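S.K.: Protein chains in written order, with my numbering: chain A, 1 to 169; chain B, 1001 to 1152.
Hints were generated in silico from the structure; no laboratory data involved.
Careful: at least some of the hints might be erroneous.
Short, incomplete list of chain B residues facing chain A, as computed with Cβ under 7 Å [stated by the list, open to error]: (1) G1060; (2) V1102; (3) Q1133; (4) A1135.
Across the chosen pairs, the derived CB separations fall in these ranges [stated by the list, open to error]: (5) L1032/B with F140/A: 24 to 32 Å; (6) G1060/B with V82/A: 39 to 47 Å; (7) Q1133/B with Q98/A: 17 to 25 Å; (8) L169/A with R1072/B: 36 to 44 Å; (9) R1131/B with V166/A: 28 to 36 Å.
This one's a predicted model, so the numbers in the text were calculated from it and none came from an experiment.
Don't be surprised by glycine CBs; every beta carbon is placed ideally from N, CA and C.
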Amino acid sequence: MPLILNNLAPIHWALAGAGIALITLALLFIANRRLGISTGFEDVCSFVLPIGYFTRDAVRLARGWRLPFIVGLAVGGFLSAVLGGGWTPIWSLGIFDQVIGFGHAGKLAWMFVGGLFIGFGTRLADGCTSGHGIFGLSNFELPSLISTISFLAAGIVTTQFIYRVVFHL
Amino acid sequence: MALLYLALGAVFGLVLSRSGAADYNYIQAMFLFTSFQLYGIIGTAVVITAPGLWLIKRYGRTVSGRPVVVPRKPRHRGNIAGGILFGIGWSICGMCPGPIFVNIGEGKIYAVAALAGALAGAGLFGVIYARIQSAFRLPRLVIGTGGAGSRS
Chain A
1 MPLILNNLAP IHWALAGAGI ALITLALLFI ANRRLGISTG FEDVCSFVLP IGYFTRDAVR
61 LARGWRLPFI VGLAVGGFLS AVLGGGWTPI WSLGIFDQVI GFGHAGKLAW MFVGGLFIGF
121 GTRLADGCTS GHGIFGLSNF ELPSLISTIS FLAAGIVTTQ FIYRVVFHL
Chain B
1001 MALLYLALGA VFGLVLSRSG AADYNYIQAM FLFTSFQLYG IIGTAVVITA PGLWLIKRYG
1061 RTVSGRPVVV PRKPRHRGNI AGGILFGIGW SICGMCPGPI FVNIGEGKIY AVAALAGALA
1121 GAGLFGVIYA RIQSAFRLPR LVIGTGGAGS RS
């Protein structure tokens, strides 16, 4: 299955997994940083919401590395497009377009609602796929195992519900 | 150092972009059990990170000779409830937090809406933290000590 981005062929999963592992280890070994991306939402919030939760030490003291890191993620995506057939604004959303078929406004609303779940859920769980799923599991942390099972299970149930019950693939 | 973090983020973003981890179809295929790709990526990452992490902790020093401290995340009722909410959002958007930023870089317009939602959701959580703290047994916030927070 090609990627939505310029119909590129994806790299092998083992190569991708190894790359993610090396960056995770490099962050720890070079800078003593625990990989975690969803806390970056708080870094951004902390600029506009100077309330207790966003002024706590864990946010204040990590902005210096996490903000450049998440900007880097976007730069990586941009380079990936430029180096792989060129950058152009993309609206296509794969099987969503084939099966659900909302227009632009509907797609934006859909994504905003999903984003609310992501933002609130990752803060309540205290981590996402990176902080719990990769770093936490690799460090044999029980809360990370519990969270990872929870978000994988909820993702499976939600997608099965959307694509096998409400909209038939 | 900021440039180093930006560079590491860019390589991470490239890998996520080209592997399917930032691709709506691949996320749905993972949850529909029609593709092994994402399970393979996460599994390989953990299988390689775990022994590396163990070695770094055993060696106990960063490359510059500073002691390595790995903060552990606290266990509370939010692990399950928050995990479930996040999983629903991951399925709806076909993106987890890292890929939201990667997709914006790739030029996927709708990812900007996902980011706006995620920031609003995180903001809402911060605003009501004190009110849901006891229900979910969330840790006390450490503010203004200059040291590492209990909640990372």
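S.K.: To test your reading of the hints: which numbers does this structure violate?
M.R.: 1, 3, 4 and 7
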